[in-house]
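A.B. asks: My request is simple: use the sequences and hints to build the entire structure.
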Amino acid sequence: MAEIPTLKKIHDRFGSKDFALLGISLDKSREALDKKIKEAGVSWTIGYDGKFWEAAPAVRYNIHSIPSNWLIGPDGTIRKRNVEEPELESVVAELVEGKGAKPAPASGGKSGQ
Amino acid sequence: MRAVWKIPPLAAWMLAAGAGPLLAQEEKAKPTDPAMEEFDALQKEFRQKMRDAGVKESAEGARAEAAWAFLPKFQTFADGHVGTAAGLSAIRQVLGIGGMIARAAPERASSAEGLTTYAEKHLKQAVETATDSEVKAAAQVALADLYWKDGTATGERLAMARAAFEAAIKNFPEAKAAMRAKGSLFEIDHLQVGNAAPDFEYPDLDGKVRKLSEFRGKVVLLNFWASW
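Quick mapping for you: the protein sequence lines, in order, are chains L and X. Using the numbering used here, read the first sequence as starting at 1 and increasing by one per residue. Using the numbering used here, read the second sequence as starting at 1 and increasing by one per residue.
Since the hints were made in silico from the structure, they are not lab data. All figures in this text were calculated on a predicted structure; none of them were measured in a lab. C-beta atoms are modelled at their ideal positions from N, C-alpha and C, and glycine is treated no differently. Just so you know, not all the hints are guaranteed correct.
Stated by the list, open to error - Here chain X is said to cover these stretches of chain L; the calculated rule only asks that three of the stretch's residues, wherever they fall, bring their Cβ under 8 Å from a Cβ of chain X:
#	segment
1	2 to 13
2	52 to 61
3	67 to 78
As the list claims (entries may be wrong) - Pair by pair, the computed Cβ-Cβ distance ranges are:
#	chain 1	residue 1	chain 2	residue 2	range
4	L	Glu94	X	Ala41	34 to 40 Å
5	X	Ala41	L	Ser43	50 to 56 Å
6	L	Lys8	X	Asp150	26 to 32 Å
C.D. replies: If you want it as C-alpha cells, here you go:
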C-alpha cells in the first residue's frame, strides 16, 4: 500500500491541534487490519466495522473505489473530493494553514477538482 | 497506488478486460439465457485477442488497437440484442473500449466520443423496449452513468444524469440497480464541495462508537482504505 507513508508524513507534520486524520478501513478481517497497522506504524484514528464495502461510512459516501480521500473544513463542510496521493500533502497544508477560509458555495457539480 | 474498485464503473470496465463485472452477473436473470451465452463466447474471444495483443507488444497502444478492431463485433451483437441483459453487457464493452481508445489512442478521441452517442441511443431504446424490469432499470442507470461520467459531469449533462437516476428510482424501486442510483443521487446532492459533510458513526479500534462530527473545529482528512 503506497499511500500509508504519505498519510504518515501528513499526520506527523500537521499533528492533532488543528488537524485530524480519520482512516475508515474497509477490511473484513480485524486480524489483517491489526497486522497492517502494526507493520506500517499507523498511529492515527481508524474506524472499522468489518463490513467490507458495506462499511456504513463507505456506503454514506458512495465509495466504489479505494483509496478515496476527502477533506473536510473546520466548519464541517466538504472542501475537496477525490484528492490523489501526489497532491494530498499540499492540499492539507493549504487547508490547515488557511484554516477558517470559507469554501465556494455548492455548485451541484464536481467543482474544486 | 492503484485504485481498487467495488464494481468497475463503465469507464473502467476495460481495465478489468472483461472480468465479469458484478452488475452484469446480476443481470443474468436466467442462467440459461442463450443470448448471454453467446455474449460470453464473444467476450471470451475478445479477452483472448487482448491477451495476444498484450503478450506481443505489452503496450497499452497495441491493446487499444486490438480492442478497436474487435469493436464492430460487440456493436453488431448489441444492435441485435437491444433491451436484453446481453445487449447491455455488449454496450458496456463498447463504452469500455471507447474509454480505452480515448486514453491510449488520443488521435481516435472523436471516434470514442461517437461511441458514447451510439451507446446513449442504444440505452434509450433499451429503457423503452426491455420487458424485464431488472434490465430496464439497469439500462436506465447505465444511461445515467453515461451522462454523469464518473461524477465529472456539470451543467446540462449533470441535470440529465440526475433525471435519469431519479427515473430509475421512481420507476423501478425494487430493482437492484435502484440502490446504485440512490447512492449516486445522494452523491450529486450531498457530497459536493461546499456541502455539509454527512455525519456517520463508526466503531474505533477499541469498539467505541464515535462520530465524524466529533472532529468539528479541525481540518479532517477522511481516508477510505483497506489493508489489502
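A.B. asks: Against this structure, judge whether each hint is valid.
C.D. replies: Now for the hints, and whether the structure bears them out:
Under the rule that three or more residues need a Cβ within less than 8 Å of chain X, the assignment of the segment 2 to 13 of chain L holds, with 4 such residues. Counting residues of the segment 52 to 61 of chain L whose beta carbon lies closer than 8 Å to any beta carbon of chain X gives 8, which meets the minimum of three for the stated coverage. By the rule of at least three residues with a Cβ nearer than 8 Å to a Cβ of chain X, the coverage given for the segment 67 to 78 of chain L holds, with 12 such residues. Between Glu94 (chain L) and Ala41 (chain X) the CB atoms are about 53 Å apart, so this pair departs from the stated range of 34 to 40 Å.
Checked against the given bound of 50 to 56 Å, the beta carbons of Ala41 (chain X) and Ser43 (chain L), roughly 52 Å apart, stay inside it. Between Lys8 (chain L) and Asp150 (chain X) the C-beta distance comes to about 29 Å, which sits within the given range of 26 to 32 Å.
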